[in-house]
Amino acid sequence: MKLEELSALDLGRKIAGRTLSSREVVAYFLERIARFNSSITAFSQVCADLALEKADQIDRQIASGMAMGPLAGVPIAIKDILCTREMRTTCGSRMLENFVAPYDATSVEKMERAGLVTLGKTNMDEFAMGASTETSIFGATHNPWSLERTAGGSSGGSAAALAAGMTPLSIGTDTGGSIRQPAAFCGVCGLKPTYGRVSRYGLVAFASSLDQIGPLAHRVEDLAACLETIAGHDSRDSTSINAPVPQYTRLINRSISNMRIGVVREQIEHAGLAPEIRSAVNRAMEFLTGLGATIVDIGLPHSRYSIATYYVIAPCEASSNLARYDGAHYGLRADTKSLHGESPLEDMYCHSRSQGFGEEVKRRIMLGTFALSSGYYDAYYRKAQQVRRLIFDDYHRAFEQADVLLGPVTPTTAFRLGERLQDPVQMYLGDLFTVGANLAGIPALAIPAGNDQAGLPLSIQLQGPPLAEEKLLSVAYQLEQALFFQPRTANLS
Amino acid sequence: MTVDAYRQVIGLEVHVQLSTQTKLFCGCSTIFGQPPNTQVCPVCLGLPGSLPVLNQHATQLAIKTGLALNCQIAATTKWDRKNYFYPDLPKGYQISQFDQPICYEGFLDFADPNDEKALRRVRIIRAHLEEDAGKSMHDEAAGRADSRIDLNRTGTPLLEIVSYPDMHSPDEAKGYLTELKLLLTYLGVSDCNMQEGSLRVDANVNLHIESAGRTIATPIVEVKNMNSFRAVERALVYEVDRQFAEWKKTGREKGQAPKQTRGWDDVTGVTLPQREKEESSDYRYFPDPDLVPLKIEKSQIESASNALPQLPSQLRAWLQTEHGLKPYDADVIVSQGSHLVEYFQTAVAAGAPAKRISSWIQQDVLRALKERGIEISALPVPATKLASLVNAIESGEIDTSRAKEVFYFWMENPSSDLVAARSALGISSVDRGEIEEVCRQLLDENPQVVAQVLEGNAKGLGSLIGLAKKKNPNADPKLVRELCQQMIESRRTSS
Ligand SMILES: [Zn+2]
Numbered sequence: 001m002k003l004e005e006l007s008a009l010d011l012g013r014k015i016a017g018r019t020l021s022s023r024e025v026v027a028y029f030l031e032r033i034a035r036f037n038s039s040i041t042a043f044s045q046v047c048a049d050l051a052l053e054k055a056d057q058i059d060r061q062i063a064s065g066m067a068m069g070p071l072a073g074v075p076i077a078i079k080d081i082l083c084t085r086e087m088r089t090t091c092g093s094r095m096l097e098n099f100v101a102p103y104d105a106t107s108v109e110k111m112e113r114a115g116l117v118t119l120g121k122t123n124m125d126e127f128a129m130g131a132s133t134e135t136s137i138f139g140a141t142h143n144p145w146s147l148e149r150t151a152g153g154s155s156g157g158s159a160a161a162l163a164a165g166m167t168p169l170s171i172g173t174d175t176g177g178s179i180r181q182p183a184a185f186c187g188v189c190g191l192k193p194t195y196g197r198v199s200r201y202g203l204v205a206f207a208s209s210l211d212q213i214g215p216l217a218h219r220v221e222d223l224a225a226c227l228e229t230i231a232g233h234d235s236r237d238s239t240s241i242n243a244p245v246p247q248y249t250r251l252i253n254r255s256i257s258n259m260r261i262g263v264v265r266e267q268i269e270h271a272g273l274a275p276e277i278r279s280a281v282n283r284a285m286e287f288l289t290g291l292g293a294t295i296v297d298i299g300l301p302h303s304r305y306s307i308a309t310y311y312v313i314a315p316c317e318a319s320s321n322l323a324r325y326d327g328a329h330y331g332l333r334a335d336t337k338s339l340h341g342e343s344p345l346e347d348m349y350c351h352s353r354s355q356g357f358g359e360e361v362k363r364r365i366m367l368g369t370f371a372l373s374s375g376y377y378d379a380y381y382r383k384a385q386q387v388r389r390l391i392f393d394d395y396h397r398a399f400e401q402a403d404v405l406l407g408p409v410t411p412t413t414a415f416r417l418g419e420r421l422q423d424p425v426q427m428y429l430g431d432l433f434t435v436g437a438n439l440a441g442i443p444a445l446a447i448p449a450g451n452d453q454a455g456l457p458l459s460i461q462l463q464g465p466p467l468a469e470e471k472l473l474s475v476a477y478q479l480e481q482a483l484f485f486q487p488r489t490a491n492l493s
Numbered sequence: 001m002t003v004d005a006y007r008q009v010i011g012l013e014v015h016v017q018l019s020t021q022t023k024l025f026c027g028c029s030t031i032f033g034q035p036p037n038t039q040v041c042p043v044c045l046g047l048p049g050s051l052p053v054l055n056q057h058a059t060q061l062a063i064k065t066g067l068a069l070n071c072q073i074a075a076t077t078k079w080d081r082k083n084y085f086y087p088d089l090p091k092g093y094q095i096s097q098f099d100q101p102i103c104y105e106g107f108l109d110f111a112d113p114n115d116e117k118a119l120r121r122v123r124i125i126r127a128h129l130e131e132d133a134g135k136s137m138h139d140e141a142a143g144r145a146d147s148r149i150d151l152n153r154t155g156t157p158l159l160e161i162v163s164y165p166d167m168h169s170p171d172e173a174k175g176y177l178t179e180l181k182l183l184l185t186y187l188g189v190s191d192c193n194m195q196e197g198s199l200r201v202d203a204n205v206n207l208h209i210e211s212a213g214r215t216i217a218t219p220i221v222e223v224k225n226m227n228s229f230r231a232v233e234r235a236l237v238y239e240v241d242r243q244f245a246e247w248k249k250t251g252r253e254k255g256q257a258p259k260q261t262r263g264w265d266d267v268t269g270v271t272l273p274q275r276e277k278e279e280s281s282d283y284r285y286f287p288d289p290d291l292v293p294l295k296i297e298k299s300q301i302e303s304a305s306n307a308l309p310q311l312p313s314q315l316r317a318w319l320q321t322e323h324g325l326k327p328y329d330a331d332v333i334v335s336q337g338s339h340l341v342e343y344f345q346t347a348v349a350a351g352a353p354a355k356r357i358s359s360w361i362q363q364d365v366l367r368a369l370k371e372r373g374i375e376i377s378a379l380p381v382p383a384t385k386l387a388s389l390v391n392a393i394e395s396g397e398i399d400t401s402r403a404k405e406v407f408y409f410w411m412e413n414p415s416s417d418l419v420a421a422r423s424a425l426g427i428s429s430v431d432r433g434e435i436e437e438v439c440r441q442l443l444d445e446n447p448q449v450v451a452q453v454l455e456g457n458a459k460g461l462g463s464l465i466g467l468a469k470k471k472n473p474n475a476d477p478k479l480v481r482e483l484c485q486q487m488i489e490s491r492r493t494s495s
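Chains A and B, in that order, are what the protein sequence lines are.
Residue 32 in the numbering used here sits at position 32 of the first sequence, and the numbers go up by one each step.
Residue 330 in the numbering used here sits at position 330 of the second sequence, and the numbers go up by one each step.
Worth flagging that the hints you see were computed from the coordinates, not collected in a lab.
One should not assume that every hint holds.
List time: in silico DSS-like cross-link candidates among lysine-lysine, alpha-carbon distance up to 25 Å [claimed, not checked]:
1. A/Lys337 to B/Lys135
2. A/Lys383 to B/Lys82
3. A/Lys383 to B/Lys78
With the hints as extra help, turn the sequences into a complete structure.
Next up, the structure:
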């Protein structure tokens, strides 16, 4: 049986019904990781022994008749930016190459409690700063659909691991599109929940007001099940939302015939949008109309400022969040004993940070430090916050007219590795359609929409008002059921 | 005014550690003096992925303090990051309040050091909450620089109280600090222990010099590292002289030199320049995205206001107007803290005269506390018992000197009552006839005293009282004096 073609929930059902053991499932995926990871670099760490041990434990619990959740015994891959007690948390950085957190992230604890079995940590752009998973110390992640292309980023490892059939489920984080864009490039589903829906405790911060943890999977129902597992209020995160968690898996099959689907003019008409992606959005629109949904034309006039706004706010927060990596307490400390400079402390700081961080991280720290400096704060940070408010207001108005917004995730399909590495602005512009949801704190979801003529995955995005994940999942479920069903793993040999 | 007359301009920044059980943004204990790095967690260590959660108790203490300092309390406040690198600051930023302090625009009145009957008022600019940093310990004894960091203190809540530059002498600065510390102690918001660093003072000082018909301001200097009120006073005296001499030499005015930071050296008694760099650094304040703005409801402020205890200034006034104490006496009692005031209050409520209780407290009670190194709550003689003793003196049952013996007997034998103490000390009410006999004997034995008194010099009577006490310890000195005087007078008429 090709287990990589089953949904995570199907695997869970088979494990619960004891037609498959968790050990068999875990061993199956570990074997695929062993076979393909060297060519994909989806995983930065694999913890085979731990995973098998955990799988055995789940099997014993199931055998003893213990009541378990729907994902018990199912393997999962976790982005290497969530703190885990039993594995290193490197963030793809030299700085944290050997860092082991003394605690588990809240979401990791919740997955553990649900009986999910962690296969390992997935590769990512250093500190999640990037859109191609090329800035990791573990090397670039390759797109399983086309190895010379990027898997996207920063959660490229999590998306590629799914597309390569190395895991049935994975966790990513999304600050400006880092779940949705790799999901789009790799032909899998990815959900960025509402800001505050999933606790950030234990998520190594890049930009605190934008970061959010979310699931990636082959199937919409798996997104729903995984979100149900990790969502919820956490007293350890002051920004977490105190609202009950709906049973998303039960709600996704609801009728969408009364829904108003908004199509964002600025996105669908964007000159840089690849025609095949535009066609995919149009096909989705037609299909939803066929189901009885109404299509509404929506304007998000301030969305044209979203990239500029994002690339002020995110680096500002990052410059402060990453100040703690100074070599004094943990992480990389440069050996500066032989320098005999005027200030040994400053030498230690400078050299540790110079050696520990890569180019893109340094670029963003410098951008943020500049934008927060006295004399520039008003022109950059304050102005960006004001525009952010306008972007939020745009969405607020849009959701008075539409229940869900439909559009593209990315302007193009997966680009070639190395193509944008020397051109950061080109790289940043690729976030055009995704950063809005982060700036507004709203949920957004990417689902596959077939492949283009070159065989590369196409994808469409759904965005909804705060806490409307169930609506996004319902619409995505309908689209998936009828229109875009396809084998989801790339053919690898 | 002479040509070089000047006015001292002093503002103080006081950092107060609030007495919460746990730190400002995590659940770690704030107890002082534990082994290094034992009161830490991922949050206060600033480990990747950790997030702060506000300790509401700290905001309650801040509101309480703000109200007692006559401050406005912000309806909404927020948290900002103050970014700078230092090894005792593990996150690389300090969570503080930049432009929306929780308390602002207040004042504190205290006794004018030059006139005990007058009040001085120092205005408060703001009082804001922030987290404390850790401690760096530099050990260069081993011949090499060896720095160690203790992060137990990291994240302890601090209230930074910033005054206007309203003080014009080191005396006034000391007066302000003394009153502030007393107020904080009454509020119970801090233990104000300067040795343990729970109260820290920085001063901003400059001079306004009248010269050639205009007022010249000298560059403002921030003085740090003063570890006692005495040190603050000495440092300010030194700094004022130094700035004047500096101005004489360079003529440099405010604005012509950057604000300087100087550290006080208590051993050599001088201030020395600290690194300029710290001062010129840009902290890149911005709102902390990990925390939500803090809304303070009117009802919360009202209930905090209703729960405020009687403050030192109110108690001083009460002791003076209600109990007729002199300002000095009222201040001595209030300065000892609220428990002593309660002791006074209980004794007076038990019917003892306020002035007598006041003098008993200032003499015997305070001496006993000092000798034993105890708090008033641990004094073996409770207020009601002291009141009964004072009442016995009032009614003439016992004289003051024997009453003091009773007091010290009670100190040793807390369970004994007045009757038991009297019998143990051999104090009995004596028959007037017995004392008359004693006096008669004394006059016979001391004809020179009789002669002196007859010549109009009554001083000798005092020595007779001492002698009478030797013959009978229960002799009431007042009675002895009275009887002796009568007997001498009668001898004059009979002779
Ligand atoms: Zn702590």
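Hints, verified against the model:
1. Taken as a hint, the A/Lys337 and B/Lys135 pair is honoured in the structure, with Cα atoms around 23 Å apart against an allowance of 25 Å.
2. For the proposed pair A/Lys383 and B/Lys82, the alpha carbon gap of about 20 Å is at most 25 Å, so the pair holds.
3. Restraint check for A/Lys383 and B/Lys78: the C-alpha separation of about 19 Å stays at or below 25 Å, so the hint holds.
Checked against the numbered hints listed earlier, the structure breaks none of them; every hint is satisfied.
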